[in-house]
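Generate coordinates for the entire structure from the input sequences, incorporating the hints supplied.
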Amino acid sequence: MRNRYLVGGPITPILISELMTLGSDDTAAGAVSIFIGKVRDDETDGKRVTAIEYSAYEEMAVKAAEEVISTVRAAFSDVRSVIIVHSLGVVKAGEASLFLMVTAGHRDHATRACRHALEMVKERLPVWKKEIY
Amino acid sequence: MAAEVRVLYFGAAQDAAGRTDEQLTAGDTASLRNQLISKYPALNQIPFRMALNKTLLKEESALRKSDIIAILPPFQGG
Numbered sequence: 026m027r028n029r030y031l032v033g034g035p036i037t038p039i040l041i042s043e044l045m046t047l048g049s050d051d052t053a054a055g056a057v058s059i060f061i062g063k064v065r066d067d068e069t070d071g072k073r074v075t076a077i078e079y080s081a082y083e084e085m086a087v088k089a090a091e092e093v094i095s096t097v098r099a100a101f102s103d104v105r106s107v108i109i110v111h112s113l114g115v116v117k118a119g120e121a122s123l124f125l126m127v128t129a130g131h132r133d134h135a136t137r138a139c140r141h142a143l144e145m146v147k148e149r150l151p152v153w154k155k156e157i158y
Numbered sequence: 577m578a579a580e581v582r583v584l585y586f587g588a589a590q591d592a593a594g595r596t597d598e599q600l601t602a603g604d605t606a607s608l609r610n611q612l613i614s615k616y617p618a619l620n621q622i623p624f625r626m627a628l629n630k631t632l633l634k635e636e637s638a639l640r641k642s643d644i645i646a647i648l649p650p651f652q653g654g
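For the protein sequence lines, the chains are B and H, in the order given.
Here the working numbering = 1-based position in the first sequence + 25.
Here the working numbering = 1-based position in the second sequence + 576.
Honestly, the hints are just simulated from the structure, not real lab data.
Please note that a few of the clues may not be correct.
With a cut-off of at most 25 Å between alpha-carbon atoms, the simulated DMTMM-like pairs for lysine to aspartate or glutamate come out as follows [to be verified]: (1) Lys630/H <-> Glu43/B; (2) Lys634/H <-> Glu148/B; (3) Lys154/B <-> Asp591/H; (4) Lys615/H <-> Glu580/H.
Far from chain B, by Cβ distances over 12 Å, these chain H residues were calculated [what the hints assert, rightly or not]: (5) Gln611; (6) Glu636; (7) Ser637; (8) Pro649.
The calculated label-pair distances, taken between Cβ atoms and stated as ranges, are [stated by the list, open to error]: (9) Thr69/B <-> Lys634/H: 32 to 42 Å; (10) Thr46/B <-> Glu635/H: 41 to 51 Å; (11) Asp591/H <-> Gly55/B: 40 to 50 Å; (12) Lys155/B <-> Ile644/H: 35 to 45 Å; (13) Asp604/H <-> Glu43/B: 45 to 55 Å; (14) Glu144/B <-> Arg582/H: 29 to 39 Å; (15) Thr596/H <-> Asp70/B: 21 to 31 Å; (16) Ser106/B <-> Lys630/H: 17 to 27 Å; (17) Ala578/H <-> Pro38/B: 44 to 54 Å; (18) Met45/B <-> Gln621/H: 36 to 46 Å; (19) Ile613/H <-> Glu68/B: 28 to 38 Å; (20) Ser95/B <-> Asn629/H: 36 to 46 Å; (21) Asp70/B <-> Pro617/H: 16 to 26 Å.
Idealized CB from N, CA, C, for every residue including glycine.
Here is the structure:
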């Protein structure tokens, strides 16, 4: 991990399982909602994407991720934790590049807050991609 | 008063400027934007926003020495 929010390379199944244990000692959290974004092998102009190289304005991305978390926590009072991790560098098609996890007391805020966090991440995280064919 | 600031380029703006960062002198963000577009015409093709010291600019602002300006093409995370 480069910091709490950015990791070099793909978000591997091992990292996902480690992230899923965060907050697992919080026995008042009855709901966990997870979103995993993966690299798609889109085809443009007859060329198929084999990987995406992500870059970021890292210092601003940390600040933006913290703003997303505090906004989501303020908007959904039942939320107990929000985890955001985005990849940097090369991520192959089929591999994960974004991990979001929201824990809450109950399912309603867990699922809605996860969706809200996802939209905010797309809108606010200063991350760019370059397709590799 | 013109100030020397650090300009950082990201994403497609890096290709348009042909560099990752440089020092430039400008009095405010509006004049810096004009300076960048005339220096790097390819930037005109990118709908970039600017951040001043890691905060997205909502309106033009005066620049102070050692400010950090980032040139940010549309975000593409996720």
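Comparing the hints with the structure gives:
Taking the CA atoms of Lys630/H and Glu43/B, the gap is near 30 Å; set against the 25 Å cutoff, the hint is violated. Straight-line distance between C-alpha atoms of Lys634/H and Glu148/B comes to about 15 Å, which keeps the hinted pair within the 25 Å bound. A C-alpha spacing of about 13 Å is found between Lys154/B and Asp591/H, which places the hinted pair at or below 25 Å, so the restraint holds. Straight-line distance between C-alpha atoms of Lys615/H and Glu580/H comes to about 16 Å, which keeps the hinted pair within the 25 Å bound.
For Gln611/H, the shortest C-beta to C-beta distance to chain B comes to about 21 Å, beyond the 12 Å cut-off, and the non-interface label holds. For Glu636/H, the requirement that its beta carbon stay farther than 12 Å from each beta carbon of chain B is met, with the minimum near 19 Å. Under the 12 Å C-beta cut-off, the non-interface status given to Ser637/H relative to chain B holds; the minimum distance is some 16 Å. Against the 12 Å criterion, Pro649/H falls within the reach of chain B, whose nearest CB is about 6 Å from its own CB.
The given range of 32 to 42 Å is respected by Thr69/B and Lys634/H, whose C-beta atoms sit roughly 34 Å from each other. Checking the proposed 41 to 51 Å range against Thr46/B and Glu635/H shows it holds: the Cβ atoms sit about 44 Å from each other. Taking 40 to 50 Å as the suggested C-beta distance range, the pair Asp591/H and Gly55/B conforms, at roughly 48 Å. As the Cβ distance of Lys155/B to Ile644/H is approximately 23 Å, the hint placing it in 35 to 45 Å is violated.
For Asp604/H paired with Glu43/B, a C-beta distance near 46 Å keeps the hint of 45 to 55 Å intact. Against the hinted window of 29 to 39 Å, the Cβ-Cβ separation of Glu144/B and Arg582/H comes to about 31 Å, which satisfies the hint. Between Thr596/H and Asp70/B the Cβ separation comes to about 28 Å, which falls inside the hinted range of 21 to 31 Å. The hinted range of 17 to 27 Å is satisfied by Ser106/B and Lys630/H, whose Cβ atoms lie roughly 25 Å apart.
Judged by the Cβ atoms, the range 44 to 54 Å given for Ala578/H and Pro38/B holds: they are separated by roughly 53 Å. Between Met45/B and Gln621/H the C-beta distance comes to about 42 Å, which sits within the given range of 36 to 46 Å. A hinted range of 28 to 38 Å for the beta carbons of Ile613/H and Glu68/B is consistent with their spacing of about 34 Å. Taking 36 to 46 Å as the suggested C-beta distance range, the pair Ser95/B and Asn629/H does not conform, at roughly 19 Å.
Distance hint check for Asp70/B and Pro617/H: the Cβ-Cβ separation is about 25 Å, which falls inside the suggested range of 16 to 26 Å.
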